[in-house]
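Chemist: First to last, the protein sequences are chains A and B. So for the first sequence, the working numbering puts the first residue at 1; every next one is plus one. So for the second sequence, the working numbering puts the first residue at 93; every next one is plus one.
It should be emphasised that the hints constitute simulated quantities derived from the structure, not laboratory data. Backbone N, C-alpha and C define an ideal beta-carbon position, used for all residues, glycine too. One should not assume that every hint holds.
[What the hints assert, rightly or not] No more than 20 Å apart at the CA atoms, straight line, and that leaves these computed lysine to aspartate or glutamate pairs for EDC-like: (1) 223(B) <-> 85(A); (2) 353(B) <-> 301(B); (3) 215(B) <-> 84(A); (4) 365(B) <-> 162(B); (5) 252(B) <-> 162(B); (6) 223(B) <-> 35(A); (7) 353(B) <-> 396(B); (8) 247(B) <-> 85(A); (9) 353(B) <-> 389(B); (10) 135(B) <-> 73(A); (11) 416(B) <-> 144(B); (12) 41(A) <-> 60(A); (13) 215(B) <-> 16(A); (14) 215(B) <-> 85(A); (15) 135(B) <-> 70(A); (16) 224(B) <-> 73(A); (17) 215(B) <-> 60(A); (18) 135(B) <-> 84(A); (19) 247(B) <-> 79(A); (20) 252(B) <-> 203(B); (21) 374(B) <-> 363(B); (22) 353(B) <-> 70(A); (23) 353(B) <-> 39(A); (24) 416(B) <-> 401(B); (25) 252(B) <-> 73(A); (26) 395(B) <-> 419(B); (27) 252(B) <-> 85(A); (28) 8(A) <-> 60(A); (29) 198(B) <-> 16(A); (30) 247(B) <-> 12(A); (31) 41(A) <-> 12(A); (32) 215(B) <-> 31(A).
[Claimed, not checked] What the simulated footprint calls covered on chain A by chain B, stretch by stretch (three residues with Cβ under 8 Å from a Cβ of chain B suffice, anywhere in the stretch; the number is not a length): (33) 1-13; (34) 38-50; (35) 63-73.
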Amino acid sequence: MCLAIPGKVLEEFSRDGMRVAKVQFGGIVREASLDYTPEAKVGDYVLVHVGFAISTVDAEEAERTYKLLEEMDQLTELEAPVIEEVEPRKPQ
Amino acid sequence: MKYIDEYRNARLAQSVISEIRRIQTRPWVIMEVCGGQTHSIVKHGIDRLLPEGVELVHGPGCPVCVTPLETIDKAHAIAGKPDVIFCSFGDMLRVPGSSGDLFTLKSKGADIRVVYSPLDCLKIARANPEKKIVFFAIGFETTAPANAMLVHRAKVEGAKNVSILVSHSLVPPSITYILQSPQNRVQGFLGPGHVCTIMGYREYEPVSERYKVPIVITGFEPLDLLQGTLMTVRQLEAGTAVVENQYSRVLGREGNVGARKLVNSVFEVSDRKWRGVGWIPKSGFKLRWEYRDYDAERIFEVKEIDTKEPAICISGQILKGIKKPHDCAAFGTLCTPLTPLGATMVSAEGACAAYYAYGRHLDKHKVDSSVQTQVGGTA
């Protein structure tokens, strides 16, 4: 579970003072924090581990690593449910 | 794509193997540290492609495997409380504690949720102000920046209902521990690429120097692993012992400075127990005093739990590179991924589980010569 998954930064925005990106991994798009990769910008490829980009990589590296992780069945962390921001429930 | 061909090219792999064979004059034992590397090595049969005298042994670098049974039992004790929403990475849910796994507890009604990022816990906390949100913060150095950010953000946002159950492991103290063992066989290391993406490799230099072992920071693709092995054998044959970086296309000596800084502000180094191995000094993280209000162990005052591992299990010796899965009488019979007896079988990245997943329990006593074609087969 220490492996980071490469993806492409599609768009970036700010939320609660944090830099967040939409990152494309194969056919899946998930959010990732860019706080640890201030150099990353739209169009770049980043290595993402549990929702955080930890390094930028070039496109060839990204493509190759993604294919290997797919073969090794190591992409399951992307399948974790998306948790939406919802209004707090009133305490009973 | 050009680079894929280049990296998965069987001919290139063959030439690296030939070069290892050409320069090797004596038997060498090399340990890959990271569980992802172990998985890749076993999947691609890389250990079986190497000349007979170059042996790969599989290190302790799977965070799920080395999380102590006591910590899993603590997770169960906390997750079973009615006012708790217990959050975890998916990998931890199937790891059996003393009384079943977290999936079973969930099926009995506990509110246990798989999250993609630790930061998801903040969203869950905002949506459920009457509940206590506890995150199972496991991992090696690669995962520490994400877990640290959860605690940091919780403090910044003033979230009062978030805490973490910490089970963090560090690689350099664990390899030092292996080198200090009187039974140690390991003469060189393939260092963990993604751990060093965060940490860099400066902290491996004193280990290499003191114990006179080459450490080559290595990626996890087949050709990376072969090149890392070649670089290690070259050093062993030449009698040198330095840290080299095979994975320079991804990381540098300093790692990710911003991530390291936040990790150091939230966590401090502490002693910790490793499943199958025991206590290793200064080999883990605990929350700093300033963040004590986010420490689930303090909040829930879970008692120390006594646990017992099956006597037959040799995972401790496997994690130290002294033995291999096939040396265990229970491997593939009593102990399988569905009925794991110890650390190295509980996660897919453990050595025993990787051997099992790729059918090696079926050839316990024979060497499979057909693997010679495997690297070519994946190109």
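Chemist: Hints first: check each against the structure and report whether it holds.
Modeler: Comparing the hints with the structure gives:
At most 20 Å may separate the alpha-carbon atoms for a hinted pair to count; residue 223(B) and residue 85(A) meet this at roughly 16 Å. Between the alpha carbons of residue 353(B) and residue 301(B) the distance comes to roughly 26 Å, so the proposed pair goes past 20 Å and is violated. As the CA atoms of residue 215(B) and residue 84(A) are separated by approximately 7 Å, the hinted pair is consistent with the 20 Å bound. Proposed proximity of residue 365(B) and residue 162(B) is supported: the alpha carbons are some 9 Å apart, at most 20 Å.
The straight-line distance between the Cα atoms of residue 252(B) and residue 162(B) is roughly 26 Å, outside the 20 Å bound, and the hint therefore fails. Taken as a hint, the residue 223(B) and residue 35(A) pair is broken in the structure, with Cα atoms around 28 Å apart against an allowance of 20 Å. With a C-alpha separation of about 32 Å, the suggested pairing of residue 353(B) with residue 396(B) is violated against the 20 Å cut-off. Using a Cα cut-off of 20 Å, the hinted pair residue 247(B) and residue 85(A) holds, with the two alpha carbons roughly 19 Å apart.
With a CA separation close to 24 Å, the supplied pair residue 353(B) and residue 389(B) exceeds the 20 Å bound. A hinted pair counts as satisfied when its Cα atoms are at most 20 Å apart, and residue 135(B) with residue 73(A) qualifies at roughly 11 Å. With a CA separation close to 16 Å, the supplied pair residue 416(B) and residue 144(B) stays within the 20 Å bound. Distance hint between residue 41(A) and residue 60(A) is fulfilled; the C-alpha atoms sit about 17 Å from each other, no more than 20 Å.
At most 20 Å may separate the alpha-carbon atoms for a hinted pair to count; residue 215(B) and residue 16(A) meet this at roughly 12 Å. As the CA atoms of residue 215(B) and residue 85(A) are separated by approximately 6 Å, the hinted pair is consistent with the 20 Å bound. A distance of roughly 13 Å separates the Cα atoms of residue 135(B) and residue 70(A); the hinted pair therefore holds under the 20 Å criterion. Using a Cα cut-off of 20 Å, the hinted pair residue 224(B) and residue 73(A) is violated, with the two alpha carbons roughly 33 Å apart.
Distance hint between residue 215(B) and residue 60(A) is unfulfilled; the C-alpha atoms sit about 35 Å from each other, more than 20 Å. Taking the CA atoms of residue 135(B) and residue 84(A), the gap is about 37 Å. The hint is violated against a cut of 20 Å. Our distance criterion of 20 Å between C-alpha atoms is broken by residue 247(B) and residue 79(A), whose separation comes to about 28 Å. Proposed proximity of residue 252(B) and residue 203(B) is supported: the alpha carbons are some 19 Å apart, at most 20 Å.
At roughly 4 Å between alpha-carbon atoms, residue 374(B) and residue 363(B) fall within 20 Å of each other, so this suggested pair holds. The suggested pairing of residue 353(B) with residue 70(A) is violated, with an alpha-carbon distance near 32 Å, which exceeds 20 Å. Taking the CA atoms of residue 353(B) and residue 39(A), the gap is about 17 Å. The hint holds against a cut of 20 Å. Taking the CA atoms of residue 416(B) and residue 401(B), the gap is about 18 Å. The hint holds against a cut of 20 Å.
This hinted pair does not check out: residue 252(B) and residue 73(A) have alpha carbons roughly 37 Å apart, beyond 20 Å. With a C-alpha separation of about 36 Å, the suggested pair residue 395(B) and residue 419(B) falls outside the 20 Å cut-off, and the hint is violated. Restraint check for residue 252(B) and residue 85(A): the C-alpha separation of about 18 Å stays at or below 20 Å, so the hint holds. A C-alpha spacing of about 12 Å is found between residue 8(A) and residue 60(A), which places the hinted pair at or below 20 Å, so the restraint holds.
For the proposed pair residue 198(B) and residue 16(A), the alpha carbon gap of about 32 Å is over 20 Å, so the pair is violated. About 24 Å separates the Cα atoms of residue 247(B) and residue 12(A), which puts this hinted pair outside 20 Å; it is violated. Of the pairs offered as hints, the one joining residue 41(A) and residue 12(A) holds, with about 8 Å between alpha carbons and a cut-off of 20 Å not exceeded. A threshold of 20 Å between alpha carbons decides the hint, and for residue 215(B) with residue 31(A) the separation of about 14 Å falls inside it, so the pair holds.
Under the rule that three or more residues need a Cβ within less than 8 Å of chain B, the assignment of the region 1-13 of chain A holds, with 4 such residues. Given a C-beta distance limit of less than 8 Å, the hint that chain B covers the region 38-50 of chain A holds, as 4 residues qualify and 3 suffice. For the region 63-73 of chain A, the stated coverage by chain B holds: 8 residues have a C-beta nearer than 8 Å to a C-beta of that chain, and at least 3 were required.
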